[in-house]
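Q: Let the hints inform the model, and build the full structure from the sequences given.
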Amino acid sequence: MSDIAISSSPTIPRWLSRLKPKSVGGAITTCILFLGAWVMVFPFIWMISSSVKPTDEVYDSDFTIIPKTFKGFENYYNVMFEQPYLMFILNSMIVCTGILAVQLLTAIPAAYALAKLKFRGSTILFGTVIACLTIPINVTSIPIYVGLVKVGLLDTYISMMFPFFISVFAIFLFRQFFKGFPDSIIQAARVDGFSEIEIILRLILPSAVPAIAAFSVFSFVAHWNDLYWPLIVVQSQDKMTATLSIMQYQSDFGTDHGRIFASATVVTMPMVIAFLFARRLFIRGITMTGVKG
Amino acid sequence: MPSGVPLIVFLTGNLGCKMAKLSLKNIKKSFGSTEVLKNISLDVEDGEFISLVGQSGCGKSTLLRIIAGLEAQDAGDILIDGAPMNGREPKDRNIAMVFQDYALYPHMSVGENMSMPLIMARLPMHARLPGIRHFTPAHRREKPGIDADVEKVAKQLRIEHLLQRKPAQLSGGQRQRVALGRALVRNPKVFLMDEPLSNLDAKLRVEVRSEITELHASSGLTFIYVTHDQTEAMTMSDRVALMQDGAFLQVGAPNDLYANPANIDVAKFIGSPEINMIKGAVTSDQVSIGNVALPIALDAPFNGAVQIGIRPEAITINGVPGLAFANQSERTIQMSFNKRLVEDLGPEVLIHGALAVEPNRSIRIRAQKSQNYGERELFASTSQLDVQIDPSSLLFFDPSGKRISSKLKIPTHNNPVELVGAA
Chain A
2 MSDIAISSSP TIPRWLSRLK PKSVGGAITT CILFLGAWVM VFPFIWMISS SVKPTDEVYD
62 SDFTIIPKTF KGFENYYNVM FEQPYLMFIL NSMIVCTGIL AVQLLTAIPA AYALAKLKFR
122 GSTILFGTVI ACLTIPINVT SIPIYVGLVK VGLLDTYISM MFPFFISVFA IFLFRQFFKG
182 FPDSIIQAAR VDGFSEIEII LRLILPSAVP AIAAFSVFSF VAHWNDLYWP LIVVQSQDKM
242 TATLSIMQYQ SDFGTDHGRI FASATVVTMP MVIAFLFARR LFIRGITMTG VKG
Chain B
62 MPSGVPLIVF LTGNLGCKMA KLSLKNIKKS FGSTEVLKNI SLDVEDGEFI SLVGQSGCGK
122 STLLRIIAGL EAQDAGDILI DGAPMNGREP KDRNIAMVFQ DYALYPHMSV GENMSMPLIM
182 ARLPMHARLP GIRHFTPAHR REKPGIDADV EKVAKQLRIE HLLQRKPAQL SGGQRQRVAL
242 GRALVRNPKV FLMDEPLSNL DAKLRVEVRS EITELHASSG LTFIYVTHDQ TEAMTMSDRV
302 ALMQDGAFLQ VGAPNDLYAN PANIDVAKFI GSPEINMIKG AVTSDQVSIG NVALPIALDA
362 PFNGAVQIGI RPEAITINGV PGLAFANQSE RTIQMSFNKR LVEDLGPEVL IHGALAVEPN
422 RSIRIRAQKS QNYGERELFA STSQLDVQID PSSLLFFDPS GKRISSKLKI PTHNNPVELV
482 GAA
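Line by line, the protein sequences give chains A and B.
Add 1 to the 1-based position in the first sequence for my numbering, that's all there is to it.
Add 61 to the 1-based position in the second sequence for my numbering, that's all there is to it.
Honestly, the hints are just simulated from the structure, not real lab data.
Here the structure is a predicted model, which means the values were calculated and not measured.
Among the hints, erroneous ones may be present.
Chain B is faced by these chain A residues, among others (derived, beta-carbon under 10 angstroms) [unchecked claim]:
(1) Ser-142
(2) Pro-144
(3) Gly-181
(4) Asp-184
(5) Ile-186
(6) Gln-188
(7) Ala-189
(8) Ala-190
(9) Arg-191
(10) Val-192
(11) Asp-193
(12) Ser-196
(13) Glu-199
(14) Arg-203
(15) Phe-254
(16) Val-273
Note that the Cβ used here is the ideal one computed from N, Cα and C, for glycine as well.
A: Rendered as structure tokens:
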């Protein structure tokens with residue numbers, strides 16, 4: 002594409018000639034960036050292309066982006082209407098909202114305490130919190146699973162949400178954000194008679210809206226996309242999250258690749274649409290949290 | 062902002078004069094191994110305006126925060142009207158505090174900012190909850206009274222037209238007034254201020270300074286005012302407490318600190334421009350600067366080197382037309398002065414230079430301009446000037462910095478004091 006842009010023949014349309022690189026270095030840079038973008042975007046193109054193919058064509062040796070036989074209607078109809086697609090979306094919503102609500106409820110007071118209250122051992126406590134960031138869920142999943150079995154909570158919404166109720170990352174993020182809140186305002190509030198809870202509710206929260214919004218985006222996206230934990234704790238179809246529902250087309254007897262990809266496309270869509278509407282919020286969320294969802 | 066005359070009219074009698082005596086007894090505070098406050102004791106009378114002044118890090122702000130209850134002292138007692146405040150929450154101490162950065166609640170309007178202390182004091186918890194509060198009887202009962210009180214104070218401070226605005230939409234001076242209003246509205250016993258003027262520009266600072274003084278005069282409240290600016294402390298307060306390294310150097314009326322500093326640090330801190338220091342010597346009860354003997358008797362027997370402080374206005378210059386000097390003492394010490402630089406401050410001039418007896422020590426002389434000032438060329442051409450120093454205004458300090466009190470030697474027939482001419 003870039004070599005077309007380099008030759009400045011007058012027949013090239015204006016929109017294309019505007020892409021003309023300014024120098025050879027620029028052309029090379031454009032090439033590298035284009036390659037990078039291709040690597041990023043190709044899986045999505047592949048997903049969409051496969052979602053309109055019949056199963057046997059997905060892993061066909063002569064791969065084409067445009068399908069030879071168009072099976073899009075069948076695949077999408079099957080995914081959207083032959084299974085309770087809306088229920089899966091609703092389940093995902095319930096799980097993500099529940100997780101987020103409890104995360105905010107626990108993380109904000111904890112972060113306020115770590116950021117603004119002076120107490121013995123606060124540094125050690127904060128160090129411990131940071132250390133917890135290094136423990137992946139896979140380490141704790143077995144004890145949590147056993148625990149859930151013991152209390153008979155397997156295959157429930159709670160079991161899907163429980164391990165994520167306390168987000169160490171949220172505590173860390175909010176603590177850093179609250180640190181920047183002026184001490185004098187908190188002191189003025191104490192003189193004026195605010196209780197600590199009211200300081201959080203009336204003063205800290207309104208100022209922390211950007212951080213809360215950012216974390217909400219981060220948390221929502223992360224748990225929407227989570228496959229690992231729902232796969233472990235949920236079996237029944239009426240509790241399945243959207244991501245988990247993709248797995249239905251895979252069994253020991255055969256895998257319906259076309260439908261899997263159609264399902265994946267449909268499950269990804271809500272987040273993509275949400276992204277298009279709240280792009281700025283998403284970008285702020287991802288940059289502030291410093292982690293790609 | 063207009064002058065503060067209407068403030069007095071408005072405030073007199075409007076605020077109940079709820080005066081309070083504040084006592085600090087042996088307050089100590091350390092942060093880790095650093096001793097920030099070393100055994101501080103102080104009594105503040107009803108309706109007194111006292112300034113805690115000192116360089117940054119002297120512990121004045123920590124002391125104020127301890128009085129407010131925002132910080133706990135390690136040892137000692139705080140009494141307001143005889144009642145011990147140790148361990149009490151700030152809100153239960155009946156104090157109000159104004160912060161350096163105003164500390165207004167950023168997302169609340171001016172009106173909400175000012176009503177917050179009243180809402181917190183008069184409404185129970187459930188009547189303060191967002192959403193539910195409008196349905197509670199307590200809220201319905203108290204809200205009109207709160208609004209009326211806020212409006213009254215806003216009117217007094219002439220900010221009633223700003224009540225709907227957010228702090229971000231206000232100028233520095235307006236924010237300062239809102240902060241004052243928020244503190245005043247709860248009718249506190251003690252009014253604490255932590256460098257409230259240092260974020261204002263120089264011109265506004267002078268204006269608000271006089272308004273705070275008037276506010277104090279009219280409200281009759283006990284004011285404790287923390288500042289690093291000696292001018293603020295001198296101009297506003299009934300008493301000044303000068304702090305250094307967590308202890309009081311001297312506590313007294315502003316003029317007392319100026320005229321009778323207890324030690325060299327007080328003398329240097331109080332007064333602008335800074336006091337001139339020159340070296341002197343005492344041999345067998347005779348004080349002298351260089352070879353000039355001074356008609357001074359020290360109260361305590363002393364021998365050796367002394368530091369002599371001369372206020373910039375205690376020196377007068379001879380033979381320069383257009384300059385007037387406040388200090389017109391009959392008995393003077395003649396000295397020779399090398400002028401280096403003249404700063405024109407409008408109504409007065411500052412003349413920089415050095416005395417001939419001590420050419421390495423910079424000396425400043427402050428002189429008023431009189432009507433015929435303008436013959437500057439004459440003044441500019443001469444660098445050697447004859448100056449006179451009023452011996453009664455000299456301050457003596459021993460090498461450790463402690464003040465040595467002194468008096469003028471009265472010339473008698475047997476012992477006529479000779480004023481030796483300049484070197």
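Q: Each of the hints needs a verdict: does it hold here or not?
A: Hints, verified against the model:
1. Ser-142: Violated, because the Cβ-Cβ distance from A:Ser-142 to chain B comes to roughly 39 angstroms (cut-off 10 angstroms).
2. Pro-144: 39 angstroms, violated
3. Gly-181: 12 angstroms, violated
4. Asp-184: 9 angstroms, holds
5. Ile-186: 5 angstroms, holds
6. Gln-188: 5 angstroms, holds
7. Ala-189: 4 angstroms, holds
8. Ala-190: 7 angstroms, holds
9. Arg-191: This interface hint holds because 5 angstroms falls under the 10 angstroms limit.
10. Val-192: 5 angstroms, holds
11. Asp-193: 4 angstroms, holds
12. Ser-196: Holds: closest Cβ of chain B sits about 8 angstroms from A:Ser-196, inside 10 angstroms.
13. Glu-199: 7 angstroms, holds
14. Arg-203: With a closest approach of 8 angstroms, the A:Arg-203 hint holds.
15. Phe-254: At about 55 angstroms, which exceeds the 10 angstroms cut-off, the nearest Cβ of chain B leaves the hint on A:Phe-254 violated.
16. Val-273: With Cβ-Cβ at 33 angstroms, over 10 angstroms, it is violated.
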